[in-house]
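Residues per chain are reported as follows:
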Amino acid sequence: MEENRQDKDLKQTELNTEADGTVSRVTRHTWIGDKDEVRPDGADRPVTRATFADTDVRSTRMATTRLVEREKRPYRGFITDEEISHAEAAAEIDRRAIAESRAAREAAMENMTQTRVYSNIDMPEEEKAAPEEEVQKKKPRKKRSVSINVTDGKKFRRLVLLLAVFVVLLAFEISFAVMKARTATLPGSTAKLRSKTATLQADNTALQESIDEIGDYDEVKANRDSWQRIKDKLAE
Amino acid sequence: MAEDKRQARGIRISDTMLKVLAALICITLVAAVFVVPKYGRVFKAYTAARSEYNAADAGYEAAEQKNADLTQKLEEMQGMKTETEELTAEVFKLAAQTEKDIQAGKSNKKICYITLDDGPYNKGKDFLKLFDQYGVKATFFLTTANGDKLPDQADLSAKSMYPEYLKSGHTIGNHTYSHDYGQGGIYTSAKAFMKAVNNQQKFTEEATGGTYTPKIVRFPGGSSEAGDNAEAIKEALKKEGLGWIDWTVDSGDSWGSDRVSTDLIKNNIKDAAKDQKIMVILFHEWSKPSLEAMPSVIKYLDKQGYIFLPLFPESVMVQK
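Taken in sequence, the protein lines are chains A and B.
In this text, residue positions in the first sequence follow the numbering used here: the first is 1, and each later residue adds one.
In this text, residue positions in the second sequence follow the numbering used here: the first is 1, and each later residue adds one.
Worth flagging that the hints you see were computed from the coordinates, not collected in a lab.
Remember, predicted model here, so these are calculated numbers, not experimental data.
Mixed in with the good hints, there may be bad ones.
[As the list claims (entries may be wrong)] Cβ pair distances, simulated, as ranges:
{"#": "1", "chain 1": "B", "residue 1": "A55", "chain 2": "A", "residue 2": "A171", "range": "26 to 36 Å"}
{"#": "2", "chain 1": "A", "residue 1": "D232", "chain 2": "B", "residue 2": "D126", "range": "19 to 29 Å"}
{"#": "3", "chain 1": "A", "residue 1": "D232", "chain 2": "B", "residue 2": "L130", "range": "16 to 26 Å"}
{"#": "4", "chain 1": "B", "residue 1": "A58", "chain 2": "A", "residue 2": "V165", "range": "30 to 40 Å"}
{"#": "5", "chain 1": "A", "residue 1": "E209", "chain 2": "B", "residue 2": "N198", "range": "26 to 36 Å"}
{"#": "6", "chain 1": "B", "residue 1": "P295", "chain 2": "A", "residue 2": "D232", "range": "37 to 47 Å"}
{"#": "7", "chain 1": "A", "residue 1": "F166", "chain 2": "B", "residue 2": "A55", "range": "54 to 64 Å"}
{"#": "8", "chain 1": "A", "residue 1": "A206", "chain 2": "B", "residue 2": "K44", "range": "52 to 62 Å"}
{"#": "9", "chain 1": "B", "residue 1": "N198", "chain 2": "A", "residue 2": "D232", "range": "35 to 45 Å"}
{"#": "10", "chain 1": "A", "residue 1": "A206", "chain 2": "B", "residue 2": "A58", "range": "20 to 30 Å"}
{"#": "11", "chain 1": "A", "residue 1": "R96", "chain 2": "B", "residue 2": "V20", "range": "13 to 23 Å"}
{"#": "12", "chain 1": "B", "residue 1": "D101", "chain 2": "A", "residue 2": "E209", "range": "19 to 29 Å"}
{"#": "13", "chain 1": "B", "residue 1": "L130", "chain 2": "A", "residue 2": "Y217", "range": "20 to 30 Å"}
{"#": "14", "chain 1": "A", "residue 1": "D212", "chain 2": "B", "residue 2": "K38", "range": "48 to 58 Å"}
[What the hints assert, rightly or not] Subject to a maximum C-alpha distance of 30 Å in a straight line, what follows is the list of computed DSS-like cross-link-like pairs (lysine-lysine):
{"#": "15", "chain 1": "B", "residue 1": "K320", "chain 2": "A", "residue 2": "K221"}
{"#": "16", "chain 1": "B", "residue 1": "K100", "chain 2": "A", "residue 2": "K155"}
{"#": "17", "chain 1": "B", "residue 1": "K66", "chain 2": "A", "residue 2": "K233"}
Quick reminder that beta carbons are idealized off the backbone N, C-alpha and C, glycines included.
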């Protein structure tokens, strides 16, 4: 296999371009030898090292291409212009396939991001309305956050437990602070209350004395009623 | 799709939030370390202080409630007292007019003044109870002949009885301080009589806390006992603004409890009631037969249409 490999420089061709458009990859096409690649659209091209490299990197292509034995041909020397253009066309097809695949992946990612909770909720309007070019220039800052799914019961339970412990401890400490504060103020309040009670009791004693001076409630009432009866009799 | 939904139910916590939460938990934990050893002591102190406060609060609330009750009761009683005073004034006014109408033959009403002499006695309480029971108002002519002691209950102060008479709306009259109408007694001169009267006035005022001064005097043994000094005494009484009164019906109880029966008392009164439209009946507070006869007497006179009144200065029966 190694013997059959004819290292011939074909042409340095810009065959592929990264999606961001900033980096160009120049691929050296080198004949491997006696194999042609047959593409899904039926086109075939000579197998080069670049073809193999692409195939290795993107294993998906393995499913859509197949390598076939090339018919024995005599040594041709340098590759012809026709063969170069053939290879360029095949590379163009590859590029398109890669671009399509990338677009599909990005669309899927976009869809996923939009359905996530809290995604972009806090994003300011200006940022949302920023021109696309600017967004593209600024690499999106990766949000450092911890996402806990309800479906992830273990994590959720841990969080709830942690919060519960925090709340219990907080309540415990608040109650302690309140008790301490109240303990300091209660004696004063109690003394005030007792003082007020003493005043009230003195007032009550005076009131009771006044009542006693007037007499028994029932007797006073009976006396009034009897006078009323006498008046009624006299007024008849 | 289902995966997306599950993700939508997730909780997303930023790193900052997570750090703050962690810091809070750490602070809380550290604080708890300091709090726990002291918690028991503070709780105990707080419980004790709270308990004291609660007791004080309960005491205050009870005192406050009692204060409200007493205030309400006092106001009500003061209202009733005022009402009673107004009613009394109205009754005396009406009674004075009725007496005049009776004397002029314009009214068929009958008035009975029950008077009891020589008190206070402990037995007076029984009379008072009876009078309250029947809604009767009477007049007590009091003396201090026995000093500040009740003759039938020496351990009780005579003064303590005075408010009792007034409480039920009865009239207190002056029966002189000494009640000594024998030889060399109160009737020897107007001056002697007035001294006995004034002393009794003073005693009554003392006994009633200065709230009551008698306006009517009854001569011990009756005005006829005054003899030649009667007119001078009456003149002296008039000068003092005091009226005097005898009686129109003698129950007969003065002959002594052993010699008088309840029937005799009842008959005496029944006889008098036949032709008297305004009666002033003489009883004695010490008389047991009078006390026993009193319910029958009241019932009988009430049936006869008599209105029982206490004596009042404006009455036509009071001499001025």
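Each hint, compared with the structure:
Checked against the hint of 26 to 36 Å, the pair A55(B) and A171(A) passes, with Cβ atoms roughly 28 Å apart. Under the hint 19 to 29 Å, the C-beta atoms of D232(A) and D126(B), about 28 Å apart, fit the expected range. Range check, D232(A) to L130(B): about 22 Å between beta-carbon atoms, so the 16 to 26 Å window is met. In this structure, A58(B) and V165(A) meet the distance hint of 30 to 40 Å, their C-beta atoms being roughly 39 Å apart.
As the Cβ distance of E209(A) to N198(B) is approximately 31 Å, the hint placing it in 26 to 36 Å holds. In this structure the hint that P295(B) and D232(A) lie 37 to 47 Å apart at CB is violated, the actual value being about 23 Å. Evaluation of the 54 to 64 Å hint for F166(A) and A55(B) yields a failure: the beta carbon distance comes to about 37 Å. A hinted range of 52 to 62 Å for the beta carbons of A206(A) and K44(B) is inconsistent with their spacing of about 40 Å.
For the pair N198(B) and D232(A), the beta carbons lie near 39 Å from each other, so the given range of 35 to 45 Å is met. Take A206(A) and A58(B): their Cβ atoms lie about 22 Å apart, and the range 20 to 30 Å holds. Checked against the given bound of 13 to 23 Å, the beta carbons of R96(A) and V20(B), roughly 50 Å apart, lie outside it. Between D101(B) and E209(A), the C-beta spacing of about 44 Å breaks the proposed range 19 to 29 Å.
For L130(B) paired with Y217(A), a C-beta distance near 21 Å keeps the hint of 20 to 30 Å intact. Checking the proposed 48 to 58 Å range against D212(A) and K38(B) shows it holds: the Cβ atoms sit about 54 Å from each other. Annotation: proposed proximity of K320(B) to K221(A) is violated, straight-line Cα distance about 33 Å (limit 30 Å). Note on K100(B) and K155(A): the hinted pairing is violated, with a Cα-Cα distance of about 108 Å set against a maximum of 30 Å.
A distance of roughly 39 Å separates the Cα atoms of K66(B) and K233(A); the hinted pair therefore is violated under the 30 Å criterion.
The structure fails hints 6, 7, 8, 11, 12, 15, 16, 17 (numbered hints given earlier, in ascending order).
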